[in-house]
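Each chain is listed here by its residues.
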Amino acid sequence: MTEEFEPRIVAFLCKWCSSAGSDLAGVSRLEYPPNVVPIQVMCSGSISPLYIFSAFNKGADGVLVSGCHPGDCHYTKGNYYARRRLNLVKKLLEYIGLEPERFQMSWVSAAEGQKYTQVIKQFVEELKPLGPQTKLRRNG
Amino acid sequence: MHKILNKTVFSKWVKELRSSKIYFPRKDDSGRWNYAQITPDEDAILDVSQTTLPPKKILFPQREIFLEFSKNIEGDGETLEVKEVMPEDGSTIIFGVRPCEGRAAWLLDKVFAGDFSDPYYWKRRNQTTLIGLACSIPPSENCFCLSVEGSPHSEEGLDILLTDLGEKYYVKVLTEKGEKLVEAAKKLFSDPHPEETKKAQAVQAESEKRLRRHLQEARLISEKLKGMFHSSLWDEESMSCIRCGICTYLCPSCHCFDISDEVDAVSPLRGKRVRTWDTCQFPDFTMHSSGHNPRPDKASRLRQRLFHKFQYFVEIYNQFQCVGCGRCISLCPVGIDIIEVLDKVRSHGS
Amino acid sequence: MAKIEELREEARRLLRDGKVKYIIGYGTGRDGWRAVPIFIRQPEEADRLIWNPTCVHNLSRFLADEKRRQAREKKPDRRPVGIVVKGCDSRAIVVLLQEKFIRRDDLVVLGVSCEKTGVIDEDKLTDKLKGKKPEKIEFGDQGEFIVAAGNEKIAVSAGELLAERCRECRANFPVIYDFLTGEKSPRPVERPFGSIERMEALSSEERWAFWKNELEKCIRCYACRSVCPMCYCDECVVDSISLAVTADTTAEEKAQKIKWVQKSPEISENFVYHLVRAIHLGGRCIDCGECERACPLEIPLRFLNKKLEKEAKELFGYEVGFDVSQPPLISCFRDDDPGDFIR
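Protein sequences appear in the order of chains A, B and C.
Residues in the first sequence are numbered from 1 upward in steps of one, following this note's numbering.
Residues in the second sequence are numbered from 1 upward in steps of one, following this note's numbering.
Residues in the third sequence are numbered from 1 upward in steps of one, following this note's numbering.
Calculated from the structure, these hints are not laboratory results.
We put the CB at the ideal spot given by N, CA and C, even for glycine.
This list has only true hints and no planted wrong ones.
Have a look at the derived ranges for each label pair, beta carbon to beta carbon: (1) C:K133 - B:W122: 39 to 45 Å; (2) C:A148 - B:M1: 46 to 52 Å; (3) C:E99 - B:W122: 48 to 54 Å; (4) C:N151 - B:D109: 43 to 49 Å; (5) C:E190 - B:D109: 56 to 62 Å; (6) C:R198 - B:D115: 53 to 59 Å; (7) B:A205 - C:I258: 58 to 64 Å; (8) B:V266 - C:R68: 33 to 39 Å; (9) B:H2 - C:G143: 55 to 61 Å.
No more than 16 Å apart at the CA atoms, straight line, and that leaves these computed lysine to aspartate or glutamate pairs for EDC-like: (10) A:K91 - C:E200; (11) B:K27 - C:D123; (12) C:K130 - B:E141; (13) A:K91 - C:D340; (14) A:K91 - C:D337; (15) C:K133 - B:E141; (16) B:K27 - C:E214; (17) C:K212 - A:E99; (18) B:K27 - C:D127; (19) A:K135 - C:E266; (20) C:K116 - C:E164; (21) C:K259 - B:D264; (22) A:K135 - C:E206; (23) A:K58 - C:E266; (24) C:K212 - A:E94; (25) A:K77 - C:D337; (26) B:K57 - C:E216; (27) A:K77 - C:D336.
My request is simple: use the sequences and hints to build the entire structure.
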């Protein structure tokens, strides 16, 4: 019997909001798919586009960047920069033909454990039919 | 051994060689020529032009795996397994090699032989047969092979030299490898008549007159270079150099490389040791781990390239490393012309 | 029409009065018809300057070299450098000034207007001449090109020989200059991003197939990076040179060194290199087309690097390379930046 494809998602979570939100989901015993590899960063604005390309290069099927809501950034402005920069990254990846569903961004606050699980659930649902990401992956 | 092959049966000959990988110069959709593998069913027509990438891409690939390493963890102990990766078995035939490119292969052979013989290079080289095509017209407007002791019909490095006589090829077999290929389709070849031999010689002599560019007194320049290491000429000539690497990557005889480890997994450790092309024109080519860089500026790197081609190689092997193909001149984005620079070397101080 | 004599006179004056260290301009190459970058220091050399449709190079590329040269010298000559620019090249200077990479006082900008035409695409010229060797190419008075080849002179309409980027040009005269020759006549461009729009109209799979096919050819010679005026980083993503490897470095340490891109020209690594370069040029690329011209394998890099110029305009209303007082694209933001892609 063939195993169903389980996408591997790399999630860059900002420490002050989204990572705390994911912790809240855990503490509240909310269930969500285990396909995520979380990486905590200080701020969504500190995400270099290089991390995203590198994640796809190493074989991630999907990449999520999640930060604080606009106005709530712990460093005041970081997420505004992220909003602009990562919009460009998304447009560029779509332009070269990568499926648009593979790169997502979300605002998840420290109190939104429920939202975090929904974001992940939806992401996994969208990635399953696409299959493994082979376009940018390095064949070791 | 000298033979004649009619062009009408040329593709039949190629068909007989189908057990090998066969490369022909081919035009791609952007109008550039490059050596590409053909299927034996494809129509084998030998056309004349200068490819962007020389046969070096096949003889000395841009990426070559030396070995694979992996760590195996068993219980309490761990072992490191190292496996050598040699080039695959199987013969390769490259058609349409220009005599200058054949000469470049011959020069590369000198470098990779000697005191330390490179097993990877030689395994591949011994499996490859080069079938040259003499240049009846210069493939590039910047060819100057005669000036560096080559010629449009030189034979070094080649296994067979074809000379185009219009409806037939004059086939000169130069090595055992070449002989094997002719033997594979013996019936297609005939012995040459004396007029055909004369015609081949006439075509070759005529081709020498067609070269448009010349570098005068290359040996004198080589001598003069010795005293010009600290000259200000290099600063002036390298002002417009953008240190891109095109001249070295597309040069048939440039062979500098870098060895690096490509790690596929960290825990447990697994990866490959890989050789890739490198170029003396990149700033970090000579970067020491202390941070010191003996060639920190463009002037020293341009000087290095010219010295290597026209002085150091002459000192060690008594040959110019430059084969006069003209690619570096045609493709330099800012128009730096090696012949022009060397002309200035010759007239410097006189 | 831009008058070369005016340019030469200005250059002569600047060099004679010692106002500039040297002038970066266009001169005739050894083959007698192609322009090449030249560096002139004496007033007599001003006669070597030329202006014709083969002046394709973006000379602002050499401003980074000047900066490096000054950093190495113990007593640098602090006089400004003169530079001849077309409209597109001047936009590159604007971006470098926005980023404070160079100072305005360090430059004397000698502007030349392309007016109704621009520069040629050499492949189109080769096709047109069908084997004849060109001897000279000049601008005509009516906006056409006069091509002298094989003992005859023909007038060719600009449309036949113009470089593709000139058809989408939004700056046919310099936007910043200390001296200008030629008219400042704006030339309306119907579809300034037409080539990108055509690419976007293809399906996702078609675009992928296109880019995979093109980037497989890449031999990572980095000519595209070397010829770009904006790629001035001393240490690029692909040259991880600051991490020393000695005889004592263990295998594990080497394995854990940050290496974003492998040196091998495999398709996945080529993609990472070109994507990183494109994103680093977001809001900085001014479509001078040099990356595509320099590429020995004719990879159409313009389509990749220019895409973000279009996005900058459409998403953020940001015009790249026109206003020196504007901050760089990704170091600013607006409260109403689009966020509809964010969950």
